[in-house]
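Novice: Given only the sequences and the hints, what does the whole structure look like? Please build it.
Chains as they are written, first to last, in this note's numbering: chain A, 11 to 553; chain B, -17 to 431.
Simulated from the structure, these hints should not be mistaken for lab results. Glycine is no exception: its CB is placed at the ideal position from the N, C-alpha and C atoms. Incorrect hints may appear among the rest.
Stated by the list, open to error - Partial list, derived from the structure: chain A residues whose beta carbon lies under 10 Å from chain B:
{"no.": "1", "residue": "Thr62"}
{"no.": "2", "residue": "Pro85"}
{"no.": "3", "residue": "Ala91"}
{"no.": "4", "residue": "Ser104"}
{"no.": "5", "residue": "Pro105"}
{"no.": "6", "residue": "Thr189"}
{"no.": "7", "residue": "Met203"}
{"no.": "8", "residue": "Val374"}
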Amino acid sequence: MTVRRSPVGWAALLWLVGGCGLPEYAAYSSGRGLPARAPDPGRVVLRRLNQTEYLNTVRDLFATAPPANVREVLPVDPVAATGFDNTAAELSLSPLHLEFYERAADRIVANLTLDDLDPEGHLDCAPSDADQCAFDFVDARLTHAWRRPPDPVVASRYSLLYQQALADEGSSQAAARRTVKAILMSPRFLFRMEGEPDSGESTRALDHYEMATRLAYFLWSSTPDLPLLEAAANEQLGTIKGIQQQTLRMLDDPRSIAMVENFGGQWLLIRALDDVAPSPDIFPDWSEALRSSMKEEMIRFVDDFIVNDRPMYELFTASEGPVDQRMADFYGMSGVAGGDTWQTVALPPERHAGVLTKAGLLTVLSSETASAPVRRGKWVMGALLCEKPPPAPPEAMQAVEAIDRSLPKREQLAQHRADPSCASCHYVMDELGFSLEHFDGIGRWRTVDEGGHTVDPAGGAPGVGAWDDHLGMADAVVASPKLARCIVQNAMTYALGRALRPQDLPIVDVVTTQFEASDMRFSALTSAITTSDAFRYRSGVAP
Amino acid sequence: MSRRPVMSRRALLRGTGVALGLPFLASLGWRRRGAAKAGGSAAPRRVMFLYQPNGISVDDWIPRNTGPGYTLSSSLQPLAPIRDKTLVLSGIDNSICKLPRAGDHAMGTAGFLTCRPPDLAGPNLGVSVDQVIAATLQGVTPLPSLHIGTARVGTAGTCDSGFSCAYQANISWASPDQPVPMLVDPQEVFVHLFSDLGSGLSDAEIQRVRAQRGSVLDVVLADAESLRVTLAGDDQRKLDEYLQGIRDLEMKIDGFGAGECTTIDETRSWEVATFTDRVDALLELMVMAFACDRTRVVTCMLDQSGSGRRYNWLTHNGSPIEDSWHNDLSHKQDADWQPKMAAIDRWYVQKFTELGLALDAVVEEDGTTLLDNSMVYFSNEIGDGNFHNHDSLHALLAGGAGGQLRTGRHLDWENQVTLARLFVSMMQMMGLGDTQFALDGTGPAPDLV
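Specialist: Structure follows, in structure tokens:
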């Protein structure tokens, strides 16, 4: 841990000795050597498709976007304590969900023609072959929807349903609709199934289809496509090489935008832009169009790291980035025309440091009426360095009550730092946050803050470094060895659908080493995760 | 007998006779099934739980004196029309939901209907009181319970102080790790409530729909049951949640077409433009749900926990209130936080009153009203918005629970009575035999009857 400039003595010391921001796995000392197979790769409980995964899956199964009213009927899955909405243990299913799934399935199939439902034309066959045709139709649909070939006994239930429906309705389209409705309500569609270790074994390697499913929901938030299922059928997902090949192919596919929308959407808070409501009194320039441009800017900026496999530290340093005319104007650039067309431009380098200075992120990390340095600093600390401050003590509110609000913000916050119970954490959070004070509550550049005080972005924090301004802070974050590891922890939590445990640390180490060795490329991050033991194995139920 | 008897003209006239021209309530055109039966048994009991976030301006809300002759506080002024049918409660203790840490919005919301503290590791709470009651109505009404919210939960960002967002996104819990999701779109609520009436379908068509839906369920149920035996412990529990849902759905399909709300307007658009329109539409649907006996248990989150919504349709000194409710007002950052909080509190009491009046306008066969036979509980996840207290809580409880509840009073429990005990009383008034609830609901609450 380097301390380039020593900030106020005892508060910093408290932090250093563990008064705040304990690394999540302080007890673990890294050995960097790893057995070929981790003894405890972890167990992910039966995982329900979340709202996003369900919608993407339906889109990819039938090559057409589900009708808008399907999204309306599916409940939003709350963000779990992990910070992600794909955490298996929290994806519960209340009795109401089934009713919603039935309604969603009704609306989906009502929109599909026989050609959509049976693209291979299995049902277009001679009456004498009707039984076989029905079975082939069902087998094809189940293989795709269940992400593996069905057991014939189980499949026959669905082909019997088809025949019963055909007898009732007299139309193959109606019968196919009813059958597909059942498939969309079936447990093997709604849940991602993974098998158990053989008796006497504590862990099990996932089979090829289970691997295909993990890959697809990690990289695409969707179902495996036919080439991936074929790779599984050909048993190509049991080797590092085979998994790597598919990982890279899938990153190359447009569906990998899901990594930006869902992983980036939650880790970098892009999605949270949907929920902000800056005060129109204070930010008269705020508009729905601006919200949408800010969001698009972040998505395009982050997507470039996948598409062009850029080093991920540039996420926090790059001054060039995509803008439309609205964002160019917002950032005070003259001479960028083009209306709604997006282009990559060099933004003023003295102001811009990747996502840290994107208006979208800074708006999310503000209150409705003002910038929120503590919230910003806490986010940098937690999301980028994985230092999670313990929650504020219950007395914190009283300390905040006593603050004199006419003072410059820095002095206001210095007041709560006078309380030792707050100081150790707030020192780090506040310093990080103050470095971003040049940006107001919607991320616009300023030199004077809302209280009329001149912005002073210089600062420093133990374990991070010292800086003159936000650019220096960004450099310090990027220079921190915690950054790569923290990106890995976030990505693994998202990839596995579970919180990480101390037992996972050897794997985190291996992935971090591979990620760093690649100069922090996105492809290396994802490949290192998909080929890791945590991704390829599953533990049994703890005895 | 006709499958769906038309409501009697007499009932219709009686209904309109007491309609009060509420801004949101259409005139009464529906009746619950079975009400036309001669000499029917006593009208059923019903219960609603309404949630207001962010605390209140306590000094403006709590009446200064108690008993039947209490003086309406300034925030409670809108309550006047249903004052006689409402019990004002204060000094309720729900500090059992509090852990010695920050996160009071999560803890208060988690404990709002469960009276338990949340688990930091992930959803692990207790069954909420509405679900305890709903479980006894399984199969009695088409929906055991209805869950409504006015805003979709956020899809990014960690929630209050590191707790799972599930604690703030829901107030109803079917089991310790199963929060019950809410519907926020009035159109979807309408479909949810009334699509199973099968309006406009012949008996034969209704039979056909039942058979179609049933055939699908038979297949997935058989599939799930054969799958279940292959799963290990925790996976099996997840699948059991699914199986329970399928069985509930089977029951619902059995009831398809058996409803008899003859005057539901299927063509009405439930599209809403503003938050206030949404609240009005959802409250109206809640009344319709009771009046048509689609359910007897409703929960509603009137806004999100920690909502920063600007209540700018309300004014303070003639100007719209543009401050963030949570940050500026509940945390007293704004110089005029108190009158502005009070204005918001008054608006909620106004909505509560409109809801009460709407329920009071629906007359049952015996001449009593829906309100007389219901309990409408309205409270907050915390008391004072800034102090985040979970004791000294306030609540409104409207309706008589069929003459069981002594209303028209202000009752101050002075923190000697837990919220869980109030819930024990409410469960008993709903006909349950339970004598305990959650951790500190050791018996019914005193002085209610």
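Novice: Look at each hint and say if it fits the structure.
Specialist: We went through each hint and held it up to the structure:
Annotation: interface hint on Thr62/A holds; nearest CB of chain B at approximately 8 Å, less than 10 Å. The closest approach between the C-beta of Pro85/A and any C-beta of chain B is roughly 3 Å, which is under the 10 Å cut-off, so the hint is satisfied. For Ala91/A, the suggested interface contact is upheld, since its CB lies about 4 Å from the closest CB of chain B, less than 10 Å. A hinted interface residue such as Ser104/A counts as satisfied when its beta carbon comes closer than 10 Å to some beta carbon of chain B; here the least separation is about 5 Å, so the hint holds.
Hint on Pro105/A holds. Least Cβ distance to chain B is approximately 4 Å, under the 10 Å limit. For Thr189/A, the interface hint holds, the least distance from its beta-carbon to any beta-carbon of chain B being 9 Å, beneath 10 Å. About 8 Å separates the beta-carbon of Met203/A from the nearest beta-carbon of chain B, less than 10 Å, and the hint is met. The beta carbon of Val374/A is positioned within 10 Å of a beta carbon in chain B (closest approach about 7 Å), and the interface hint is therefore held.
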